[in-house]
Amino acid sequence: LSLSNIFLSEDVKLNSKLSINPISNNFVNVDFDSVDVGGVNIKDIGSIIYVDKNDISFKVLKSDDDGIISLSGNYNISNKNISSKLSVKDLNPNSFNSIIPNEQLRNMLNEYLISFKGDVNYKVDDVGELTYNISEFNLTNSFSNKVLELEGKGNNTTVDISHFKLTLPDIDVMGRIGLEFNNGETRINLDTLFNDNKYLFTSKITADKITIQGSYGFDASIFLGDTTYINLSATELPLIYKGFSIAPSFSMKSIFYDSNKFILSIPYFSTTIESDSIPFQPKVTFSLDGTETSMHVMDLEYLDNISKLNGDIHLAKEVGDSFSIKASLGGDNSESYSLQALMSPKSQSIFLDCAITNSNLQRFQVEGLKGALSLNTNIEGHISDFNSKGNISTSNLEYKNDIGNMKFDFSITDKLVSISNLLGGINRNNFSVPLLTYNYTEGQILGLLNFELNMNQIIFKSDLTVDLLLNKLPSLQDISPDVFNKILGKISLGSFESNNKELFNNKVIHVFNNKSAFQAYSKDKNLKLFYSYKSGLLNAVVKKPYFTALTANGNIKDGIIDLNIKDLDIDGKIIEMYMPLISNTDKRIVDIDHLDIRGQLNILGPLNNPLINGLLWTDTKIGISYITEEIEPIRINIRAVDNRFTLLPTEIVVGDKGVIHTSGELLFDSWLPESIVIDTVIQEEDKIPITYQYEMIKVEGYFNTPKTTILWDNSGIFVTGAVVVSDGEFYTTSAQPLDESSKEEESNDIGSFTLDVDIIMGTNNQFFLPNKNIPIVHATATTGDNIYIKYKSVDNTFSVIGTISIKEGEVLYAGEPFILKKGEVDLNLSLRRCSI
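So for the sequence shown, our numbering puts the first residue at 1; every next one is plus one.
Calculated directly from the structure, the hints in this document are not laboratory data.
Wrong hints could be hidden among the right ones.
[What the hints assert, rightly or not] Distance windows between CB atoms, simulated:
1) 491 / 678: 36 to 44 Å
2) 281 / 672: 38 to 46 Å
3) 283 / 370: 20 to 28 Å
Since the structure is predicted, the reported quantities are computational estimates derived from the model, not experimental observations.
Note that CB positions come from ideal geometry on N, CA and C, so glycine has one too.
Please take these sequences and the hints and turn them into a complete structure.
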C-alpha cells in the first residue's frame, strides 16, 4: 500500500510505502518506510497496533544508525482521551540538516549534540485539553557528556520547566523557566545560574512589545513594528566567561528600520575586568554612536594600576563589503597606540598601518617582565598571503633579575621572512643579527649572527653563519612547532674567543633533526652528538683541537639528566687570560706553562640544576711574577660531591727552600661556578723569596703566611689574610705613578679585585730611604709591627698605611754617618699620594 502526501497533522506527513501484517485477533504490524515530522525525514519505522472495543493502543519503534525512537500511546474510545509516551535515544543530529540551513549551527549540533534521550508523556482529553510531562530528557555529546538536561510539565496555558541545565565549553547554565499564555500575551519567569552568577528575569510579550526586567537593574523595552525601538540598561551586571569576570553598567538605545538599517547609541558603558591571568583589574569606559555604515567609540578610557590610556575608535563601511578602522590611544610615559586598517571579509584583503610606542610590557602578563615595547609595521595583501615590513625595539627591559634591550627591522613577503639589524643584550650578554632570512615555502633559513656571552665575567665571543632546511610551509598561517620536526644543514663558527683570546676558528657543525632524534657533528669529525627524543639517550664525543675532550653517555628525559662523562681532558691554560696584569706592564701575575685537567664526572638530577659528582686531577706548571725562584710542577686532586668540588691539600714546592700548602673549594649552581675559595698557608720555616713593587715602593725579601684566603664569586676576587715579611729590604724607586686611563685599559680580569692584607714585620727587615744607592736613612724595623694594604678595583682605590718602629740604624748627614737609636716610619700611600 502506498500513501502520498497524507497529512496526519500540520507537521506530520506520510509519504510512504505501508506494509500491514495481522499478528492475531487484536494485533497488527504496520511498517512505514518514511515519515516527515516537521521537515525531518524519519525512515524505516515499525509499529504494533492493538485494538479492542474500548481502546486503540500502539507502539512505534525506529532503530538504526540514526538513532532509536520509541513512541507508545493509547486512545480511549469512550472518553476520547489520548495519552502517549515518547522516548528518543542516540539520535544523530545529521537528521536535522534539511531543516537547519545555517552551516555553523549544523556543525555545532554535530559536534555537541550526538544523542537525545528522554521520555515525553502527553494526554489530550475529550475537550481538547492537552497535558504533558517531560522527564529525564537529555542531550549528550561524543564524549558521553550531558549537554542539556530538562524536566518539566505543561498544558494549554502554562509551561513549567522545573529544571534545565545547559553545559557547553566555558558555559554552564541551570535553573527553571515558567511560561503563561493568556489572550495573546505571554509571560516568562526565568530563575537561573549562569557560570555561578544568579539572575532573576521576568518578561512580558505581546504582539507589539516585549519588556524584560531583572537583577542588577536590567531593564529592556522592545517596541515591535515596521520600525523597532530597543531601550536597554543594567547596573554592574556580572558575567563570567573563560576565567574573565566583568560587571558592566550601561545604557543603550537603538532603532531598526527599512529592514537593514539602524541607529545605535550607547551613552555610557563601564566595566571592570578581573582574571587570575592578569595581576591588575582594569576598568574600561566609553560611549558609542553608530549606524549600519559607521561606528564611533568615544571617550574611551582604559585604567589599571599600570597607567591610564585615553582615545577613540572609528569603524566605517567602505566600498563593497570592506570596512575601515581608525583607532588611537595615548597615556603616561609617552605610551601610545595607533591603528589604521582597511579590510574585506569577502576577499580577505587587508591594508594595515600600526604604530606602538612605549607599550608597558607588564600588560603581557608575564611574571617578572618589565620595560617598554615599540613597534611600527605596515601590512598589505591577502590575510593568508601578505607583505609586511617594520621594526621593533624595547627599552628598560627587565625579566626577573635580568636586564636587557633589543631592536630589529623585519619584513614579510609571500615567501620570505627577514630579520635585519638586530642588536640585543641580556645583562652583559650581547648578540646581533646583521641578517637572517626564512624562506618558508622552501623551508630554508640563512643568516649571520654574532654573540658575546658573559658567564660570571668569563667572556665568550663568536660569529655564526646559519644554513638550515626546515619543513616547507604553504603559508605563514600554517606555521607551528612541527616545522622544526625536520632540520638539516650546517652552522659555521668563525673565530671563537674567550676574553679576547682565540680558542679555535672556522669550525663547521652539521645538524640533523627529525621527530625521533637530533644529531650534530663537525666537519673534522672531532665533535659528535646524538640525542633520541623517544628514549632520551645521549651520546657525545669531543676531541682536540677543541680546548676540551670528552666522551659522554647517558639520558636526558622528562627534565631529568643522568650523564656519565669519562676521558675528560681540558686544556686549562685558558684560565691564564683571566689573571690580573702586573701594574704598568702587559705581563700577568700568574704565568701558566700548562694546565691539564683530567677525570670523570657523573651529572644527575633536574636538567636546570643537577648534582655533579666525580674525580678530577690536574697537572700544571706555573710561575708567579713576584716569586723569584722556580715553582716545581704541581699535581692537584679534586673530589666532586653534589656540586661541591674540594681541592685536596696540596704542597707547592718553590725552589729548594719553600713550600706552599693549599686547599680549597669550588661550588657549582645551575651548571655555573658560583664561588671559589683557596686557602694558602706557608710555615715560617718554609718562607718564600719575593720581589714586589707598587708605584715607588719596592720590597725584596722572604714571606710566609699563617693563612691567606682567595675568594672568587659573581662579584669579583677578594684576597684577605696576613703576610709575614722577613729579611726584607724596603726602598723607593724612580717609577712614575700609574696613569688612571691606562689602568682601565690593562684590566682583563674576571670581575672586581679587592685586596685587604696585613703585612707583619718579621725579623731583619731594613729600610733604605730614599733608595739603596743613596741610603740617607738606613734602618732596621722592629719585629711585629704592621702595614695595612687595601685595594678595590671597583672604585680604583689603593692605600698602604702603617707605622713601623725603628730599633737601630744610621743617618748620613753632610757626608757623615750618625747612629739612629730610635725612630718611626709612617707610610701613607694611595693612587694619588705617596708620603713617608
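Indicate whether the distance between the beta carbons of residue 281 and residue 672 respects the range 38 to 46 Å. At 40 Å between Cβs, range holds.
Starting from the range 36 to 44 Å, see whether the pair residue 491 and residue 678 falls in it by beta-carbon distance. Distance hint for residue 491, residue 678 holds at roughly 38 Å.
Outcome of range test on Cβ distance (residue 283, residue 370; 20 to 28 Å): For residue 370 against residue 283, whose Cβ atoms are near 22 Å apart, the range 20 to 28 Å holds.
Hint check: no violations occur; every hint is consistent with the structure.
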